[in-house]
Every structure is written in structure tokens, then in C-alpha cells.
Amino acid sequence: MIGINSKYPSPLVVPCTKCHKVIKLYTHQKAASFCCSHCGAYTLYDKQKTLTSNYTFSKIKNKTFEIGTVFKIEGLEFVLISFIAKEETSYKTMWFEYILFHPVEGYWTLNESDGHFTLIKPSKYYLKAPENIKNINLPEKGQYHLYSKYKYKVKHAEGEFFDDISIKPNSSSADYVNPPYLLSYEKTKDEIFWYHGEYIDHSTVKSWVNVDVDMPVKEGIAPNQPYSLNFSPDALTKITFVSIALIFICQFILSGFITIPKVSHKESFYQNDSLSQRTYVSAPFEITENNSAADFDIIGNLDNNWLETDFTLVNETTGDQYYFSGSLERYSGYTDGESWSEGSNEETLTVTQLKKGKYHFNVLVTNDIHNRFRILTVVVNQNVNLISNFIYALLLLTAFPLYVNYRRTRFDRKQWYNSNYSPYNYD
Amino acid sequence: MINKEAITKFINIKGLKAYVAFILFVLGGFLYLQLNGIMLYNSTSTEHEAAERTYSSNHHK
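Protein chains in written order, with this note's numbering: chain C, 11 to 437; chain B, 14 to 74.
These aren't lab readings, by the way, just hints derived from the structure by calculation.
The reader is advised that the hints may include incorrect statements.
As the list claims (entries may be wrong) - Straight-line distance between alpha carbons at most 30 Å, and here's what the computed DSS-like set of lysine-lysine pairs gives:
#	chain 1	residue 1	chain 2	residue 2
1	C	K424	B	K30
2	C	K131	C	K424
3	B	K30	C	K151
4	C	K163	C	K138
5	C	K165	C	K151
6	C	K134	C	K151
7	C	K248	B	K30
Claimed, not checked - Now the stretches of chain B that chain C is said to cover, found in silico as 3 or more residues with beta-carbon under 8 Å:
#	segment
8	30-38
9	47-56
Don't be surprised by glycine CBs; every beta carbon is placed ideally from N, CA and C.
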């Protein structure tokens with residue numbers, strides 16, 4: 011006996027009607043038909059329970075799991091009783107079903123499609139006429155969306171079956187997805203079966219069996235494959251909004267109560283020479299806040315002219331010096347019937363991490379020797395709010411959710427690419 | 014080339030907790046910068062010389 015729990019009865023052993031090799035029927039009298047793993051001969055019990063054989067399946071692929079393998083799922087031991095290869099009639103895509111049997115739970119199916127696995131169980135959900143339904147809401151699982159409608163035919167089979175698989179009636183099927191879940195129906199003229207499935211990753215499938223298995227290579231994205239990042243989109247959105255609100259509140263408090271700018275000094279310097287360089291020394295001024303930033307606004311009155319400034323800010327209390335520079339240029343004219351201008355008569359230079367104390371600055375002004383700048387005004391604003399830090403922090407906080415959202419959208423588009431009911435436009 | 018699975022695994026290690034930790038890091042860093050008058054990126058290139066080396070230059074006035 012291959013692997014099945016000893017508390018179960020041994021399988022019924024019958025000979026193949028064609029090659030006479032041994033076939034084991036794990037479900038005994040529940041088997042309505044069986045197919046030989048060796049020669050593909052399909053045998054059916056008729057109403058009188060006599061055997062008839064009139065069909066042979068040709069082999070499609072090597073199975074991932076052998077008939078008789080025991081799967082321990084949710085603490086229950088299932089035995090693999092059959093393997094079916096099915097082909098969708100329109101696009102000729104193929105998938106494989108491993109039928110698992112448990113005496114109490116009945117039949118579960120491990121579906122393999124493009125290397126992806128879904129465990130399918132009979133569903134409690136039932137709808138008699140679902141043909142025009144595109145969305146189904148299951149309160150405990152959420153919204154399922156129609157992914158595909160199809161018909162299929164059996165291309166290959168091995169093992170035992172609870173009905174006749176050779177004369178499949180003209181059944182129609184549909185899959186609704188809500189990753190990792192799947193809701194499917196199979197409708198014939200007389201009845202409709204509903205199934206509920208869940209995407210299973212390879213490591214979980216491997217953990218169910220006690221034998222070494224070569225897992226198939228995954229291709230593409232399965233319709234019910236969950237997005238790989240295990241974040242709830244709602245939780246990510248909520249956390250992002252809360253973090254953005256927090257940083258706005260911090261910025262509001264800082265700019266309203268802590269970093270309140272004030273003018274420390276304002277002084278104008280005049281050009282009284284015809285040199286290209288000279289140094290001005292400012293009057294002393296106070297920086298009253300420790301570890302603060304100050305803006306030095308340099309304001310000129312240039313017309314088709316330029317100047318450069320090199321500052322040395324001196325803390326008269328500690329002796330620390332800060333060197334920084336800036337330039338102004340302002341040009342304008344009238345060309346080809348249109349007036350133009352470029353440059354600016356104002357620039358702001360920011361000096362950070364200033365200690366409180368008494369300061370003055372020396373400013374070396376360089377200008378065009380043939381063109382006087384006349385006047386240069388310097389305004390010192392202390393304790394300014396560094397808005398650029400706020401913008402960088404905001405960008406950092408939103409970068410991660412934007413990245414996750416980008417990846418999720420890309421994933422969803424790929425996932426729905428093969429569906430006739432995709433919400434995305436691929437033109 | 015960056016391995017996409019490695020990125021996914023890295024991000025999934027702690028799930029949303031890693032993102033919350035990152036948010037706290039950014040908020041803490043933001044407050045530290047603002048309260049200490051430090052700019053993450055300052056377009057004004059500034060050099061600072063401590064007093065010991067340059068103290069004598071303060072008395073040129």
C-alpha cells in the first residue's frame with residue numbers, strides 16, 4: 011500500500027482491461043471509472059457494474075505527484091487518486107488536476123496551471139444562474155471578479171474517478187478571482203457545481219507530502235496569485251495618510267511657535283570707486299537663537315550687469331567664521347520684436363547651524379570694471395524655517411507607498427492580461 | 014542586476030512594521046534637522062572654520 015494511513019482499508023486491486031497491469035482503487039466502490047497509468051486505457055463501470063473499455067488516453071506530461079501519494083492538509087490525510095489534464099477549447103491552454111480523496115471530507119482538487127497551484131474544495135456558495143454575473147461578494151472573503159468563461163475537454167487522465175470523464179457533457183465553466191481565492195462553477199444541462207479555491211505556494215505544497223517532488227517552473231502570474239508584498243493596501247494607505255498628517259502638524263508647530271523668522275540686520279553698500287573689487291564690513295548684529303539658520307538676502311539694482319559676493323560671517327562671541335558666496339546678474343533687451351529678460355536682482359543665501367551671539371560680515375564684491383553696480387543691500391533674517399527639509403521628508407514618506415502602488419498596479423495589469431474581463435486597457 | 018525576489022523578501026521581513034519604523038525615523042530626523050538649523054541639502058555652499066584657527070582674524074575691524 012502506497013503511503014495511505016493504515017487505519018484506512020487497503021486499496022482495491024483490479025487489472026487493467028487492456029494491459030492487465032495492476033490498478034489500485036482507493037475509493038473502492040465509489041470509483042465509477044478508472045484509467046490505467048501504464049497504457050492509458052479508460053475503463054468504465056456500467057450500471058450493472060460490469061467493466062467496459064472503449065477509449066485510450068495518450069500521455070501528455072509527467073505528473074508532478076504519483077497516484078497514491080498521501081497529502082497531509084489541515085491535519086487530514088488525503089490520498090491522490092487521479093490525475094486529469096484538461097484543455098480549454100478556445101485558446102488551447104492546458105491545466106492539470108490532482109484529485110485528492112479523504113473518507114470524510116470527500117474530494118479536493120490540487121490544480122496545477124503554468125506551475126502555479128490552487129487547492130480547490132466544494133463551495134458552500136451556490137447560485138443557480140450565474141451566466142451574467144460579473145462580481146460576487148462573499149461576506150467573509152470579499153469581492154470576486156469574473157476572470158474567464160470557458161469550456162474544456164479532458165486530454166489525459168490517470169487513476170480513478172467518481173463519474174464518467176470520457177463523455178463530458180457540454181459543460182460551461184467560469185472563474186471568479188479575489189487573490190488568493192478563486193470561485194468557480196461548472197454548469198451542465200442538469201446541474202451546477204461550485205468550487206472555492208486558494209492559491210498555494212510551492213513550499214506549502216511540498217510540506218504536504220513526505221516525498222521529494224520536482225516542482226514545475228512557474229510561468230507568468232496566476233489569476234488568483236496574491237501580490238507578493240504582504241501589505242494590506244488599506245493599512246498602507248492609512249499609515250501613509252497618518253504619517254503625512256503628522257509631518258504637516260510638526261511643520262505647523264515649528265513654523266508657528268519655534269522657528270519664527272525675524273530681521274536681524276539690514277544694510278546697504280554703495281560703490282564709490284571704479285575698481286573691480288572692494289570689501290565692505292557690516293555693522294554688528296545679534297543672532298539670538300542657538301543652532302538656527304539664517305537667510306542672507308542680497309538685493310541689487312542691476313541693469314545688464316552682474317556682481318559676485320564672497321561673504322565671511324564672523325561670530326564675534328566665539329570667533330567662528332563662515333564662508334559663503336553668491337552672485338546676481340540681470341540682463342534684458344528687445345530682440346526680433348520681443349522684449350526679454352533673464353537673471354534676477356535678488357538671491358537668498360542660507361547659512362545653517364549658527365550659534366547665538368554677536369556677528370558681523372565682510373563682503374567682497376566683484377563687479378564689471380566698466381559697469382558700476384551702484385548699490386547692494388543685504389538683509390539678514392535669522393531663525394528661518396528650513397522648508398526644504400519638510401519637502402524632502404514628505405518625499406521620503408510618500409516614496410515607499412508610491413513604489414508599492416506602482417509595483418502592485420504593474421502586477422495587476424500583468425495578472426489580468428489574459429482575461430477577457432480585464433479592467434485595464436492595454437492599447 | 015537587482016534581484017526582484019530579494020527586494021520583495023526584504024520588504025516582507027517585517028511587513029508594515031518596517032514601514033512604520035521608517036516613518037518614525039523620517040519624522041525624528043526631520044525634527045532633529047529643524048530644531049538644530051541643519052539643511053539636508055543646502056544650495057549655498059558654506060565653509061565653517063572653528064575659532065581656534067581663526068580667532069585673530071576677528072580683530073581686523
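Checked hints:
Pair hint C/K424 plus B/K30 holds up; C-alpha atoms about 28 Å apart against a cutoff of 30 Å. Restraint check: the Cα-Cα separation between C/K131 and C/K424 comes to about 27 Å, which is no more than 30 Å; the hinted pair holds. For the given pair, B/K30 sits about 24 Å from C/K151 by alpha-carbon distance, which is consistent with the 30 Å threshold. With a C-alpha separation of about 23 Å, the suggested pairing of C/K163 with C/K138 holds against the 30 Å cut-off.
A distance of roughly 33 Å separates the Cα atoms of C/K165 and C/K151; the hinted pair therefore is violated under the 30 Å criterion. Distance restraint check for C/K134 and C/K151: the Cα-Cα separation of roughly 13 Å lies within the 30 Å cut-off, and the hinted pair is therefore satisfied. Between C/K248 and B/K30, the direct Cα distance comes to roughly 13 Å. Compliance with the 30 Å bound is thereby established for this hinted pair. Under a criterion of three residues with beta carbons nearer than 8 Å to beta carbons of chain C, the stated coverage of the segment 30-38 of chain B is upheld, 4 such residues being counted.
Under the rule that three or more residues need a Cβ within less than 8 Å of chain C, the assignment of the segment 47-56 of chain B holds, with 10 such residues.
Checked against the numbered hints given earlier, the structure breaks only hint 5 and satisfies all the rest.
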